[in-house]
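We have chain X; now place chain U onto it with these hints.
Protein chains in written order, with this note's numbering: chain X, 1 to 373; chain U, 1 to 373.
All clues stand as given, with none of them false.
Distance windows between CB atoms, simulated: (1) X/G41 - U/P340: 31 to 39 Å; (2) X/Q282 - U/S319: 55 to 63 Å; (3) U/K224 - X/G128: 18 to 26 Å; (4) U/K224 - X/G354: 20 to 28 Å; (5) X/T364 - U/P83: 24 to 32 Å; (6) X/A98 - U/H146: 53 to 61 Å; (7) X/A322 - U/E68: 38 to 46 Å; (8) U/P89 - X/A240: 54 to 62 Å.
Quick caveat, the hints were computed from the structure, so don't treat them as lab data.
Being a predicted model, the structure only gives us computed values, none of them experimental.
Heads up, the beta-carbon is just placed ideally off N, CA and C, and yes, glycines get one too.
Protein chains: 2
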Amino acid sequence: MAAGADRSGKVWKSSARLADGRQIIYFDESPGLGRAAVPDGRNLPARPEGGSVLRFDPLLREWIAVAENRQDRTFLPAAGQCPFCPSRPGSPTEIPAASYDVVVFENRFPAFSGAPGSSQDAGPPGLGAERPASGRCEIVCFTPEHDSSFARLSPRRAATVIAAWADRTEVLGGTAGIEHVYCFENRGEEVGATLQHPHGQIYALPFVPPRTRQLLASARAWRKGSGGNLFDDVLAAELADGQRIVARNEQWTAFVPRAARWPFEVLIFPALRVPDIAALRQPAQAALSELYPDVLRRLDALFGTPMPYMAVWQQAPASDAAARDELAAHLQIMATRRAPGKLKFMASTESGAGVWSNDVLPETAARMLREAC
Amino acid sequence: MAAGADRSGKVWKSSARLADGRQIIYFDESPGLGRAAVPDGRNLPARPEGGSVLRFDPLLREWIAVAENRQDRTFLPAAGQCPFCPSRPGSPTEIPAASYDVVVFENRFPAFSGAPGSSQDAGPPGLGAERPASGRCEIVCFTPEHDSSFARLSPRRAATVIAAWADRTEVLGGTAGIEHVYCFENRGEEVGATLQHPHGQIYALPFVPPRTRQLLASARAWRKGSGGNLFDDVLAAELADGQRIVARNEQWTAFVPRAARWPFEVLIFPALRVPDIAALRQPAQAALSELYPDVLRRLDALFGTPMPYMAVWQQAPASDAAARDELAAHLQIMATRRAPGKLKFMASTESGAGVWSNDVLPETAARMLREAC
Numbered sequence: 001m002a003a004g005a006d007r008s009g010k011v012w013k014s015s016a017r018l019a020d021g022r023q024i025i026y027f028d029e030s031p032g033l034g035r036a037a038v039p040d041g042r043n044l045p046a047r048p049e050g051g052s053v054l055r056f057d058p059l060l061r062e063w064i065a066v067a068e069n070r071q072d073r074t075f076l077p078a079a080g081q082c083p084f085c086p087s088r089p090g091s092p093t094e095i096p097a098a099s100y101d102v103v104v105f106e107n108r109f110p111a112f113s114g115a116p117g118s119s120q121d122a123g124p125p126g127l128g129a130e131r132p133a134s135g136r137c138e139i140v141c142f143t144p145e146h147d148s149s150f151a152r153l154s155p156r157r158a159a160t161v162i163a164a165w166a167d168r169t170e171v172l173g174g175t176a177g178i179e180h181v182y183c184f185e186n187r188g189e190e191v192g193a194t195l196q197h198p199h200g201q202i203y204a205l206p207f208v209p210p211r212t213r214q215l216l217a218s219a220r221a222w223r224k225g226s227g228g229n230l231f232d233d234v235l236a237a238e239l240a241d242g243q244r245i246v247a248r249n250e251q252w253t254a255f256v257p258r259a260a261r262w263p264f265e266v267l268i269f270p271a272l273r274v275p276d277i278a279a280l281r282q283p284a285q286a287a288l289s290e291l292y293p294d295v296l297r298r299l300d301a302l303f304g305t306p307m308p309y310m311a312v313w314q315q316a317p318a319s320d321a322a323a324r325d326e327l328a329a330h331l332q333i334m335a336t337r338r339a340p341g342k343l344k345f346m347a348s349t350e351s352g353a354g355v356w357s358n359d360v361l362p363e364t365a366a367r368m369l370r371e372a373c
Numbered sequence: 001m002a003a004g005a006d007r008s009g010k011v012w013k014s015s016a017r018l019a020d021g022r023q024i025i026y027f028d029e030s031p032g033l034g035r036a037a038v039p040d041g042r043n044l045p046a047r048p049e050g051g052s053v054l055r056f057d058p059l060l061r062e063w064i065a066v067a068e069n070r071q072d073r074t075f076l077p078a079a080g081q082c083p084f085c086p087s088r089p090g091s092p093t094e095i096p097a098a099s100y101d102v103v104v105f106e107n108r109f110p111a112f113s114g115a116p117g118s119s120q121d122a123g124p125p126g127l128g129a130e131r132p133a134s135g136r137c138e139i140v141c142f143t144p145e146h147d148s149s150f151a152r153l154s155p156r157r158a159a160t161v162i163a164a165w166a167d168r169t170e171v172l173g174g175t176a177g178i179e180h181v182y183c184f185e186n187r188g189e190e191v192g193a194t195l196q197h198p199h200g201q202i203y204a205l206p207f208v209p210p211r212t213r214q215l216l217a218s219a220r221a222w223r224k225g226s227g228g229n230l231f232d233d234v235l236a237a238e239l240a241d242g243q244r245i246v247a248r249n250e251q252w253t254a255f256v257p258r259a260a261r262w263p264f265e266v267l268i269f270p271a272l273r274v275p276d277i278a279a280l281r282q283p284a285q286a287a288l289s290e291l292y293p294d295v296l297r298r299l300d301a302l303f304g305t306p307m308p309y310m311a312v313w314q315q316a317p318a319s320d321a322a323a324r325d326e327l328a329a330h331l332q333i334m335a336t337r338r339a340p341g342k343l344k345f346m347a348s349t350e351s352g353a354g355v356w357s358n359d360v361l362p363e364t365a366a367r368m369l370r371e372a373c
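One chain only, chain X, in its complex shape (with noise of 0.2 Å):
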């Protein structure tokens, strides 16, 4: 049963310090190796005090981060460079130890950083409110091969990657003063990703993002016109329309949604709803593990070139009881390229109007994904 165990997914996990006193945590498929005794011997300067604050858009009604300190962020480093690789003698990396499976580590330059306040917000807030961006910004590690990608991760490696989802959405979420959390991947320099190095990132947010609240809200809406609930019946139609549908398996659907916005875009349900990665059962995560990658390499193969894509977890807000009955887990992909040397902008229609247009049609995208490969 070596081969079973094997996607059974276990991973040892050991958390350590790095020099200026980010928390590293590794997250192993082998017990045993001693990662987190590795010292950082980097002479790092040390964090900021204070870092960026929340200002208050009265004409939308959001928050901002203001984060100065973030643009001096690496940016594009040589392959020789890459602060994500494992350290090499004479070239320390942000990751100490001389290998890893897959390491999550606090982003020195966050967007969101320090202890949380007071959650709750005193009264509506006025045209100069402000408060600190408090929370937490990660970054997680896939591989440690630098060239690599998320798609040509073995499903035991997507394994491990997803515990340390489930792992950091369950922690992250039980911090006081987070509402939220959100694990993300932008992959490619065409949607803005600043280093090359199989990645993504998790942010801890002192609020519920405006997104968050759209899908809720819907589902309420939903709820409160159908009697059911808004997930479950998206995914029950695409599964009786079956169009759209990308790749399956017993836990998981992948489909083009009807109104799909991106050119590509790819939604991942399971087929038992739950309100976020923490709460997926063993065979769920196991499941996944193959299917995710395998969307992800039909992305690839369908113009012969890395796709540049965003890929979330769409998850409920960390500790609202009556929001995480309604809104299910989901991961969405949202792939950039709408023909061979063609990208999809986000131009002034969606950035300034919030209206959208597909020029592919989702159930020719999804026809294209499914005989990809």
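Chain U alone, transformed into the frame defined by chain X:
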């Protein structure tokens, strides 16, 4: 008073039809030019029937235009083949005349087209809801000079563009089934502009865009809380603070909003609140024709290279009287270069969560723009 007359922005409007039946409208700065009498000698295929559809996204409760006919639209043509330059013998373009001042014509590859039906939705849309993406998409060419830009327009020419915007806002906004008129410019390949010739676009939409609805909801909540108008109060606060003012004259104030989302975002507010461009008085139009190109020149001067930007008119819905009392027209410029060689992207946090962080302090951005020219 010749100089004064020239600045009055008087325009002569004439309309004609292109070979496939699309309307073209010349806005001339002198009378009797006979542009509209020049026939379009091209042999264009008939415009496709039906066109795109709107599909309802139940997850965010928004309508998405699915427009497969746009995938083959003109994409970064060589300079000699620009469809927005005036026609030359043997090289017919979208504009039959041998020159023009400002010209507006229906987009050959529209995301929205066709006569609107009833603009009222019949009850809450279901999962499969679909309706025609009716409306109209227009191109606005700012100048016949291919290599120019809005920043380099004379005040007289800028005034003619403003007159064209006002005309189209009034005419399209008065059309049955059109609920909103949206005027914008995508400038630069970096924000997805597929044609370099200086031009903007106008969307006449069969619904009020999500962002407009958000602005309106904010204004109503503000009225309820403070008794005042949100836009008046934001402008007054910016003037009182002063740190984020970029440029101003008696009629207009350009400022970086206190909670800017983009590294160089500039809002241009009129001193006297109006619901849309069509409601601007003549002195306000004339004053904007000086201030707006000045702000754009500052953006170009900032890093010594053309600044990619999205410039959009936020205006009130066309025919909702209560909304027109509350929502104040303003020009929003979203410039995307955050440093030489570095762009701000809407990546996973913005696109997937609606969470924004800005690396440039708005006060710093305003100072840099004030000092740029």
